[in-house]
Structures are given as C-alpha cells and as structure tokens.
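Using the sequences and the hints given, assemble the complete structure.
Here the numbering used here = 1-based position in the sequence shown + 6.
These aren't lab readings, by the way, just hints derived from the structure by calculation.
Possibly wrong hints are sitting among the right ones.
In silico DSS-like links for lysine-lysine, alpha-carbon gap of 25 angstroms or less [to be verified]:
hint, residue 1, residue 2
1, Lys220, Lys196
2, Lys38, Lys181
3, Lys205, Lys167
4, Lys220, Lys231
5, Lys201, Lys237
6, Lys102, Lys59
7, Lys231, Lys196
8, Lys205, Lys237
9, Lys149, Lys167
10, Lys201, Lys167
11, Lys238, Lys262
12, Lys220, Lys260
13, Lys262, Lys237
14, Lys237, Lys255
15, Lys231, Lys149
16, Lys238, Lys260
17, Lys205, Lys102
18, Lys231, Lys181
19, Lys201, Lys238
20, Lys167, Lys196
21, Lys255, Lys149
22, Lys181, Lys237
23, Lys255, Lys199
24, Lys201, Lys220
25, Lys181, Lys205
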Amino acid sequence: MYSMQQNTQTINLPTLTIIGDSDVGKHLLLEKVSSSSQRKTTNMFNAQLTLQKINVENMEANVVLYEIHEKQGYKKLHPLYIQGSDGVIIVADATKPSTIQHMMDWAASVRHTANDIPIVFVANKADEVTPSTFIFIQEQLAKTAEIYDSEYFMVSARMEKGIDAPFRTLLEQIKEYRNLIEEYANSGLKREKIKSVIKERIRSEINEIEREIKSISQKSASPDKLFILGKKISEAERKACALLDTPSKIQLRKLKKELEEACSRS
7 MYSMQQNTQT INLPTLTIIG DSDVGKHLLL EKVSSSSQRK TTNMFNAQLT
57 LQKINVENME ANVVLYEIHE KQGYKKLHPL YIQGSDGVII VADATKPSTI
107 QHMMDWAASV RHTANDIPIV FVANKADEVT PSTFIFIQEQ LAKTAEIYDS
157 EYFMVSARME KGIDAPFRTL LEQIKEYRNL IEEYANSGLK REKIKSVIKE
207 RIRSEINEIE REIKSISQKS ASPDKLFILG KKISEAERKA CALLDTPSKI
257 QLRKLKKELE EACSRS
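This is the structure:
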C-alpha cells in the first residue's frame, strides 16, 4: 500500500482510506477536515493516490484517498488499495442517487479484500438536496450501513457540516481496537487468536450484564445500579464495535432496550 515512509511516528499512525465514485467530493472532504497543507499525490494501479495527514480532536491519522477514473471503479479496486488500511470511508454524492447505490458495491469490494476493518458510509452534499430527498437518501444510507453493521453520516464538505464525525468515529474505533490488542502484546498469541480470546471475554461480560438485568427485572433498582449497568453496556459496545463483533452488538442492543424498560419502571 502507498504510504508515507518518513519516520516511526508517522508509520504508527492509523491509516484511513477514502474511496467512492468519481466527482462526489472526496478531495474537498479531505481538504476541509485536514489541518495540514502537506499532500502527496502519485499514480498506482490505474488510480490516483493522495496522501494527507489529519488531526481530529487530537487524534492523528494518515488518510489515503483513491480516485479511480473509470465508471464502476469499484470493479477495479485493487487489493493493495485496502491492504494496510485501518478503516475505510466510502463517500457518495447525495445529489446523485447512483453513487448511493454504488456504495454497496464499494463495500463488497472492501470486504472481499479485508473483512476485518471498519467501514463508514458518507453522503456528501447533503445541503444541496430537498428535505424529502434528504430523508430518502438517509433511509437508503441507513439500509446499506445496517447490512455492513456500520455507521453512516450525512455531511456537507462545502459547508463544513458534519465532516469530522466519520473520521472521529473510525479513529475512536481503531484506538479501542489497538488498546484491546495491546493487552496481549506479550502473550505470544497470533492476532486472530488474540481477537478470539477478547471476543470470548466480551461475551462473558455481556452474559454477566444480562444476568444482572434479569435480577432487577422483577423489582425496582436504584438509580446508581441502573447507571452502572448502562456504563457496562457502553463499555462492552465500544469493545464489540472495535472488533466488528456483530453478534455481541446485537445482544447489547437487546440488553440496552431491557435496561431502558427497567429504568422506566424505577
């Protein structure tokens, strides 16, 4: 993967990849979110690559933007475009419905190459559509994001509205993932085994939360107890999101509803 090979600090930064159809505002999005004027551009495997460093809420990352100048560029998505990436942002144009439809294909190409990195979906130019179109696009985006158990965002790079959120979401997820993996740095276990061990630990925590919620389901619980359970669910959610652990996320959403019901009874 094309990367900035200048120093250890740069190499250790997370790498985010931006992809999507041409002319959807990917370059403007990167330009607006970046505080750095340093930008590198090169050509590789029939695509133009732009590399730039960003800082979002004191979280730094290298961002690689791929511009494939062909129709249905996702069909030309080379494995090297994604290899080494820690997260992917797929961008579409809210004024062009076809680019929203193509997001599914871009995501499928990413998953075909790497099934263990987080994806977020971004509809740019959300300020340029009518309220009814905004709602329609948002619904389409939500359906696509749900299939990939991902987050989605309606943004305007031109107006600088909502542009930090996709990057912040990915960087927080990557940070949590690295923290979890770091706990086992000296275990001698391979990465996949470490992930498996952590998932088992998370599911054990979830089962304990479930038992606690069931224990209060037949009686009123103190506000402190409900608060602690809510905090435990949030912490487990962060871990499950970081590991792309969909079964755990589904179970936690169910427990969150049960906790809300318990809160309403108290």
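Status of the hints after comparison with the structure:
1. Lys220 x Lys196: violated (36 angstroms)
2. Lys38 x Lys181: Holds: Lys38 and Lys181 sit about 23 angstroms apart, inside 25 angstroms.
3. Lys205 x Lys167: violated (36 angstroms)
4. Lys220 x Lys231: holds (13 angstroms)
5. Lys201 x Lys237: holds (23 angstroms)
6. Lys102 x Lys59: violated (29 angstroms)
7. Lys231 x Lys196: violated (38 angstroms)
8. Lys205 x Lys237: Cα-Cα ~19 angstroms, so holds.
9. Lys149 x Lys167: holds (22 angstroms)
10. Lys201 x Lys167: violated (36 angstroms)
11. Lys238 x Lys262: Satisfied, since the Cα-Cα distance of roughly 10 angstroms is no more than 25 angstroms.
12. Lys220 x Lys260: Within the cut-off at roughly 12 angstroms; holds.
13. Lys262 x Lys237: It holds: about 11 angstroms lies between the C-alpha atoms, which stays within 25 angstroms.
14. Lys237 x Lys255: Holds, at roughly 15 angstroms.
15. Lys231 x Lys149: violated (35 angstroms)
16. Lys238 x Lys260: holds (14 angstroms)
17. Lys205 x Lys102: violated (39 angstroms)
18. Lys231 x Lys181: violated (29 angstroms)
19. Lys201 x Lys238: holds (20 angstroms)
20. Lys167 x Lys196: Roughly 41 angstroms separates the two Cα atoms, so the pair is violated.
21. Lys255 x Lys149: holds (17 angstroms)
22. Lys181 x Lys237: Given that 25 angstroms is the threshold and the Cα spacing comes to 19 angstroms, the pair holds.
23. Lys255 x Lys199: Between Lys255 and Lys199 the Cα gap is close to 20 angstroms, so the pair holds against 25 angstroms.
24. Lys201 x Lys220: Measuring from Cα to Cα gives roughly 28 angstroms; hence the hint is violated.
25. Lys181 x Lys205: holds (17 angstroms)
Consistency note: the structure conflicts with the earlier hints numbered 1, 3, 6, 7, 10, 15, 17, 18, 20, 24.
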